[in-house]
Every structure is written in C-alpha cells, then in structure tokens.
Amino acid sequence: MKSAETTAEENPALPSAMLAADAQAAARAAGLRYVTDGRPGLSRVPNDGAGFRYLAADGKAVEDEATLGRIKSLAIPPAWTDVWICAQANGHLQATGRDARGRKQYRYHPRWRSVRDEVKYERMIAFGRALPGIRAAVDKALGLPGLPREKVLATIVYLLEATMMRIGNEEYAKENKSFGLTTLRNRHVRVDGKEVEFHFRGKSGVWHDVKVADRRLARIIGRIRDLPGQELFQYVDDDGDRHSIDSSDVNDYLRTITGEDYTAKDFRTWSGTVLAALALQEFEKFDSETQAKKNVVRAIESVAKKLGNTPSVCRKCYVHPAVLDAYMDGAELAALRTRAEEELTQDLHALQPEEAAVLALLQQRLEREAQQAAMQGKGKGKRAAQPAPARAKPAPRARSAARKVAAAAA
1 MKSAETTAEE NPALPSAMLA ADAQAAARAA GLRYVTDGRP GLSRVPNDGA
51 GFRYLAADGK AVEDEATLGR IKSLAIPPAW TDVWICAQAN GHLQATGRDA
101 RGRKQYRYHP RWRSVRDEVK YERMIAFGRA LPGIRAAVDK ALGLPGLPRE
151 KVLATIVYLL EATMMRIGNE EYAKENKSFG LTTLRNRHVR VDGKEVEFHF
201 RGKSGVWHDV KVADRRLARI IGRIRDLPGQ ELFQYVDDDG DRHSIDSSDV
251 NDYLRTITGE DYTAKDFRTW SGTVLAALAL QEFEKFDSET QAKKNVVRAI
301 ESVAKKLGNT PSVCRKCYVH PAVLDAYMDG AELAALRTRA EEELTQDLHA
351 LQPEEAAVLA LLQQRLEREA QQAAMQGKGK GKRAAQPAPA RAKPAPRARS
401 AARKVAAAAA
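In UniProt numbering, the protein residues as written are 1 to 410.
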C-alpha cells in the first residue's frame, strides 16, 4: 500500500518541499505525529461470528479497551478491504483502506482536520504553488491515446478549472435531478467544432449554460460522448470494458498527481478568490469605507454568479478573506505584480499574472501575521514567569506551527 510520502516522491515535477511539509507542519500544529500507512499498524480481520477483530503488527489480538474504542470511533465501513489502522492514538492519519470499488480512502485525526481547515492562508498558497504541476500532469494525460482512466480524469480536472463547475454527486443526481461534472449525462453536452456547450440543472435548481472553446477538449469530449450508455464521463480499460467515474475518483487522482489532500473544491476556492481580486481591481479607488464595502458586495455578487452560488455562500466558502481585507486596507492587486514577478514566476511560470499576484498577496499577509505573532510572543516573554492555563496553550501553538507550512514549502 502506497504511503503519502511514496506518492510525493513519485511526482518530481512538483515543488518537492511543498508535498510533505504542509501535512507535517499541520500535524505538529495539532500536537500530533505525522505518520503514513507505510509503517506497521493494526489490521482488521473478519471475526468467526460477526464483525471484526483487530491484530497488532506482531499478530496478537488487540484487547485494550481504549484502542478498541478509538477504532470504533473511526467508523471504518465494513466494505473496506486492506484496512490499516494507526497504532498510535496521536497519529495524524488514523486509518486507510480500499472501498468496494478499490479506491483508497482515508480517516484522519479530528484535530489534524481542524488545523487544516483553519490554516487557509497556507492551504491556498500551497495549492497555488501546486497548480503548475497539476496543469502539466493534466496536459500530458490529455495527450494519451484512446480513453484510458487517466485521460478522462484529466479532462474533468481541466474542466474544473475552465468552467468552475461543481464536481457533482450521484446521490444529488438521483434524488434531486441536479447535476455536476461527474454526474453529467450525454444529453447535457453538445459539441460543435471546437466548442463544447454544457446545459444542465445544477444544485438548488439553478440552470447552467457553460461554453468552452478548445479544439482538443472538444475532440476528447466528442469521443467520450460516443461511448454507449447515458453517463457522459466513462473510461475504457485495457480489456475494452467501460467504467464510470465519480467525484471520489477525481479527488483520488488529484492526490496521486500532487501527493497532497487537494479536492475539486480547492479549484473553486482558488478561482473564486482570483475572480474576486480581479473584480475589485476594476473598481475605481474608493473615498470612504462605505463605498469600499459596496464595492466588495458587488465583487462578491459577480463571483457568485459565475460560481452558481448565493453571495453569502460565495463569500463564506469560495473567496479568501485576505483579498477582501487587502482591498479594505487600500491595497491594490496591481501593486503586488512586481513582487510576484520577482519572487514567484521563475518556478511558477504556468501561473497567470493575476494568479501570481494573488499568491503574492496571500504570502504577504501570511508573513505579516507571522511577524505580529512573533511580536506578541516577545511581549509575553517579558512578563513575569507564570504558567499559562492548560487550555490556553493549544491555540497559539496551532497558529504558530501552522504558519510554518508555507515557509517550508517556499
């Protein structure tokens, strides 16, 4: 079973420091150990009666009540095979396994998940730095002959960027008759020369009309649509058998080509943030805070329309607050482009100028917060020695350690 470290090492085209540093720093920030499923752990075997029993690496049965309770809390599905469970309760990765379709699944420690969710600067910076590698991998896969799994997955990832569509969920498609990329049917797409047009009912009943002009993409989509069956995105294996693709396949593909836990949602968050920055740049300079707030509202409304979200959801989930804060502070995206060109574009040449500028903005904000945290730390050090309450320690520790992620990846 491949570990995250092994996967990262097999992607030398990506910025190497970024691949493992993010997860390791997040684990330290959460007070956890960074582990992989390549090290000895606990295994799951069927019980003689019903359910399962668990074995340590030496083959002895696990009987410790605390360990069994921890395993139970992970809620590992019975259908999983090749189950690996971390032997330590403080491992950032608690379990892995293969689902009924053979796809690798993960169970993380809740504290690690919490820190990862909180560290939005670092995640966005790391994703921005990963984009050139993702794009290179996708471009290479699109050139493969036939319709193998990797090529069809790359087509979906390409469309994630080009259209900002939701990835889709089969449950929603069946129950609500609403669709996303991976659940589209042949009837939802039309190919005309180099143009591909998608027309479908999305989440919350919103109708989407999306056009993409790309001759290579149109050729691939046309061949995929010609496959038998109603589902649009299918691939053909070496035996000539057809298989459908769902959102978990796409997320697994992203993990494979990046060595990180990125998902389809990261593309929408990145695109929403860049679009918001561009929209704000188009406004005239404001003379009052009231005007600035109005401009922010207009920018969010513009992005929400493109993403197919309500403005409130768009602002909360898909636009990084640093961009809005920078605008309210009077910072201009254009002013950051010189720094972006000097510091970023040499190794991130596949980024657009506005993307590099947003990345520079996030890095600048990260550095500013790190400096403020350091100054606060010095101020505390001058006070009389007094043990801090136990519950007060994790928060500053998490913030400080998490901010090392981007620095390690830089």
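Worth flagging that the hints you see were computed from the coordinates, not collected in a lab.
Please note that a few of the clues may not be correct.
When the alpha-carbon atoms are kept at most 25 Å apart in a straight line, the in silico SDA-like pairs for lysine to any residue are as follows [as the list claims (entries may be wrong)]:
| no. | residue 1 | residue 2 |
| --- | --- | --- |
| 1 | LYS174 | SER247 |
| 2 | LYS174 | LYS194 |
| 3 | LYS194 | ARG223 |
| 4 | LYS194 | SER204 |
| 5 | LYS211 | ASP237 |
| 6 | LYS211 | GLU197 |
| 7 | LYS140 | LYS72 |
Tested hints:
Of the supplied pair hints, the one linking LYS174 and SER247 holds, its CA atoms being roughly 15 Å apart against a limit of 25 Å. For the proposed pair LYS174 and LYS194, the alpha carbon gap of about 31 Å is over 25 Å, so the pair is violated. Of the supplied pair hints, the one linking LYS194 and ARG223 holds, its CA atoms being roughly 13 Å apart against a limit of 25 Å. With a C-alpha separation of about 30 Å, the suggested pairing of LYS194 with SER204 is violated against the 25 Å cut-off.
With a C-alpha separation of about 29 Å, the suggested pair LYS211 and ASP237 falls outside the 25 Å cut-off, and the hint is violated. This hinted pair checks out: LYS211 and GLU197 have alpha carbons roughly 4 Å apart, not beyond 25 Å. Restraint check: the Cα-Cα separation between LYS140 and LYS72 comes to about 42 Å, which exceeds 25 Å; the hinted pair is violated.
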